[in-house]
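Since the structure of chain A is already known, use the hints to place chain B on it.
Each chain, letter by letter, is given below.
Number of protein chains: 2
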Amino acid sequence: MSENQCEIAFLPAGKATQVPPGTTVLEAARRAGVYITSICGGEGTCGKCRVIVHRGEVETKPTAHLTPEEVEEGYVLACQAQVRSDLVVEVPLESRWEGRALLADIDVIRFGQIAPPRPGTRPYRDDPLAKKAALRLSPPTLADNLSDLDRLWREVDRHFDRPLKQMDLETLQRLPHLLRENDWQVTVTLGQRCCSVMEVLDLEPGDTSHRSYGAAVDVGTTTLVVHLVDLTTGQTVGSRAKYNSQIRYGEDVISRIIHATQEKEGLTELQSCVVRDLNQLLRALTEERGLSPRDVTYVVCAGNTTMMHLLLGLEVAHIRREPYIPTACCPPVIRAAEVGLRIHERGLLRCLPGVAAYVGADITAGILASGLHQSSELALYFDIGTNGEVALGNADWLVCCSASAGPAFEGGEMKSGMRAAEGAIEKVSIGPDGRVLYQVIGNGKPRGICGSGLIDCVAELVRTHYVDRAGQFNREQLGPRLREEEYELEFVLAPAEESATGQDVVVTQSDLDVFIRSKGAVYTAAESLISRLGCEFSEVERVYIAGGFGNYLDIRNAITIGLMPDLPLEKFTFIGNASLAGAKMCLLSQEALEETERIAAKMTYFELSTDPKFMNDFVSSLFLPHTDLEKFPSVARQMG
Amino acid sequence: MSENQCEIAFLPAGKATQVPPGTTVLEAARRAGVYITSICGGEGTCGKCRVIVHRGEVETKPTAHLTPEEVEEGYVLACQAQVRSDLVVEVPLESRWEGRALLADIDVIRFGQIAPPRPGTRPYRDDPLAKKAALRLSPPTLADNLSDLDRLWREVDRHFDRPLKQMDLETLQRLPHLLRENDWQVTVTLGQRCCSVMEVLDLEPGDTSHRSYGAAVDVGTTTLVVHLVDLTTGQTVGSRAKYNSQIRYGEDVISRIIHATQEKEGLTELQSCVVRDLNQLLRALTEERGLSPRDVTYVVCAGNTTMMHLLLGLEVAHIRREPYIPTACCPPVIRAAEVGLRIHERGLLRCLPGVAAYVGADITAGILASGLHQSSELALYFDIGTNGEVALGNADWLVCCSASAGPAFEGGEMKSGMRAAEGAIEKVSIGPDGRVLYQVIGNGKPRGICGSGLIDCVAELVRTHYVDRAGQFNREQLGPRLREEEYELEFVLAPAEESATGQDVVVTQSDLDVFIRSKGAVYTAAESLISRLGCEFSEVERVYIAGGFGNYLDIRNAITIGLMPDLPLEKFTFIGNASLAGAKMCLLSQEALEETERIAAKMTYFELSTDPKFMNDFVSSLFLPHTDLEKFPSVARQMG
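From first to last, the protein sequence lines are chains A and B. In terms of our numbering, the first sequence is residues 1 to 640. In terms of our numbering, the second sequence is residues 641 to 1280.
Don't take every hint at face value.
To be verified - Interface residues of chain B toward chain A, partial, derived using beta-carbon atoms under 8 Å:
#1 Pro652
#2 Leu804
#3 Leu812
#4 Tyr964
Because the hints were derived from the structure by calculation, they are not lab data. We treat Cβ as the ideally placed atom computed from N, Cα and C, and that holds for glycine.
So that you can see chain A by itself, here it is in the shape it has in the complex (with noise of 0.2 Å):
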């Protein structure tokens, strides 16, 4: 410990850090680029930043989170132990983020994967965003003497129809030279831009129109995926997917708005987070293919309405404040350098337009790729994350609003929660002998028990008399998997034997208690929609669901627990990752891009948390499923 300095270095990552004394072990991992697991965002509340202190002191506050033995073994909240002395600190693999820093395949499997599109949607005309075209102008002549300019624009409108077109300065004055070095020969890239102008991007010597590149990104609060599309084939040739680095900060978008606007240089961090890794896996996916960076013209992104302003730098504090104003629903078009993207010094990136503070790109761009638009069907979609988007309507109307779900169906805020990331329980059954059945992602020992997994537990508690129809452990099964703990009960999904952190899987009461709170807000939201509009559930003809999340859900599950209205199974359709493929579609025309526009525009955005019928309708969804049992005609029948 020098003067006023304390040295904090983290096992494993063996990396080290100097603060001052009162520091939080928290702040001083985020200086050393160690991550740490936080929800709260550092308010010692989630208890998910577990950290051992192997050397030195800290101190510290008494909290619920650890138990005696665990204090005992020097686990602290690293939110919560303040820096006294040197310290080595070990970071456990539960609380650990760095070494995900690329996800595996098989999450990049989950999280990326884009559903074919489905029949009878009308397809966009192939007219990408950024385009290249081979050029041969005819030398002037006294009989053909167009500046050079206006020869270059004439042999480009023989190439493609938009009549607007605009060139830089620094391109106009390399273009005499480039022209004449090169035979008259050269290729040009045009970007779209805003409001339909096609900006010249490059000029390069001879033919390279066949190394045109964009990328279609999905900009999760949780994951970041990037796809890589050939242009001319509209083909994605890569795609990577990685934890956003924002995490650091806090899991869900209310915690990084606090970052943003509490700290003095909260919002560049988060900004540079997110930045960086996309950079990452832009880098990656070039290399992998033998690609510079360079061949990258167009970014287009989707994502939550927080996570687009974070990506472009503005300003958040009022998207969480009420009346929830964001800075731009439709931000325009800038140079992808602007925030610090490494493609094309050129290149352009587009953040798709979204409704509202909480219904964001993520959702337009979903619906685009959905169809559902373009349908007389009346359908309902559903994009459960963080937050849980649902929107209702058909090819006349769209109506949205968003359910603050909280992170219980990402993991969070549950005792063993953790994302759908390896080690995760995704699917659970319990058997007629009492025996609980589940499916690990990756097939290796359980961590902990992610959305899926936690939706098919509580199903199977309920069918199993464990839970009531409260939501309350039933006293009476007490035994070997349902046991009293110090403050409460919980169910073993899986003893510390059998799990790869040596501690239980559990299920708590807290647990189901944070989770009915979060399928009836889902559930309420789209009963609001259908109610507002004066429709009942029986008329919606299509559920789709979105998001890396429902691809794993067990819909007679949801609808036993109450997250899904109880309609019949083949009206619903998992499209995996449509905000992705929305972004991926706009990449390749323009015409996707007008429609993604025009359901923004006429997409109406019902606020719900200050709608008194809203929380009546919520609380009546506070129980499994609902205190209405005649809503869920087929639970009510199936439990006789």
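Structure of chain B alone, referenced to chain A:
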């Protein structure tokens, strides 16, 4: 003289520099920031860069431009004199440019005046290319929860009807703070970018809508003129003119092109000159009205194609060589800061569209101002400067061409020639008693003769038989006025004792030859257009004469010498600096700008330099007024 460096001091400027031996005195002067007149660009052929070496040694070649007495006095041509030691060099008044950085008021009037709109021309809609609006936004509520950007656009749409709007990232980033810190009252500045897109140039707190200025600029080869325009009233609130300091690199566009293409930093040097000049004018104009250069948000420039290229830093090499190809006739709108213009940091610069290498934006803007293109009258349009441009047409069609008039009309290549500046003889008549009467700009002693004076002078010399129809001095008239010098005959307009320089102001036989070629080129250009279109001069209903030169032209004399076609005097209309007038009209009206674009698009350009008929007709025109007297019936009658 330090090792390998000579100290060169210039009088009376008091400036000095160090150069290696072998450098020319002209180059040393450039480096010292001392301007010396140099028409030929350093070839030693114009004899204008006379300086006196008071101390030190130079190495120089014999030249016919200096008399033995002058050589005795220390006169050398600065471009031919190579430095051999430290020097003290005097730049005599007639070779000096410095001190004339800002033109005197008289010159501003001459170059900057804009004729009022001609009766009968259709006015354009008041719709400036940059405009401000003070906006009062309604604060957001749950029921009206548009994003900040959409809220702004909604209010902007109430003020302006342009659908295409754009905002840059940086402005968007500060939007939320700006709105909330200023009680939702801000002033937006919109500027027209390419393709009619209106871009947000600024957002300011409160109401600053009364401070909205633009600049209309005539970028002349010789003279730069700026009008500072109040965009809220459309009035010019100040105007200033200045010699184009590119003159130090040569007086005509060809010398400038040679400098730009043959010197390593030539293009950059020329661009810096004009940008520095314009900044000086803009600063003076804003300072005198207590404004900041930031209050100027839009600059519209007219000028010939080469001048537009040099301002934008575009390659000019191909303008000079067959087939005479500019880089761009219709350059994109750029940020003024991109070329170094100091106005608002996001202010825009628009160079108006031209037609070809030698028919530039000065002509299209001039035609706009003349209203020629709106009328059914068949009209001729002359703009006579270093280059003479001629257009012919009416509301249905337009043709144009360019005549290499040479610098004769601007006083170049003449022994006593000078620009229309203080001390120039601008009007001449020879009385019946043989007395020579002249009028001097500024009413002081004469220093030389300018274009309008020369036209008068030649016409009077013909009338009084000093000169015959072939343009040769008449030896029979030898006497005190017409005398024989070493090489040729010359006519003394003002003897040394009357002049400001102590030298005779004369017109030599060589001057006559140059002058006749110049006037012949202009006339033949007009004749070519007339004959290509199958017309006769007699069908021309109106002749517009544009340019500072034009205003002081004696039309009768111009017909007498065969410069202008022999038409009734009432058909001639002087329209002042029509290029500047057109630039101002475009600055004030999007509609006028679009009209200018249409004029440029529909104007057919004829290249004369490669037309054998033109060469024949040109030779026929090398008489006074013409070989074919039938073409000048009124002159024939006068001559009896």
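Going down the list of hints, with the structure as the test:
Hint status for B:Pro652 relative to chain A: violated, with the closest Cβ pair at about 40 Å, above 8 Å. Here the hint on B:Leu804 is kept, as its CB sits about 4 Å from the closest CB of chain A, short of 8 Å. A least Cβ separation of about 6 Å between B:Leu812 and chain A falls short of the 8 Å threshold, and the interface hint therefore holds. Proximity of B:Tyr964 to chain A holds as hinted, the smallest CB-CB distance being about 6 Å (cut-off 8 Å).
In summary, the structure is inconsistent with hint 1 from the numbered list given earlier, while agreeing with all the others.
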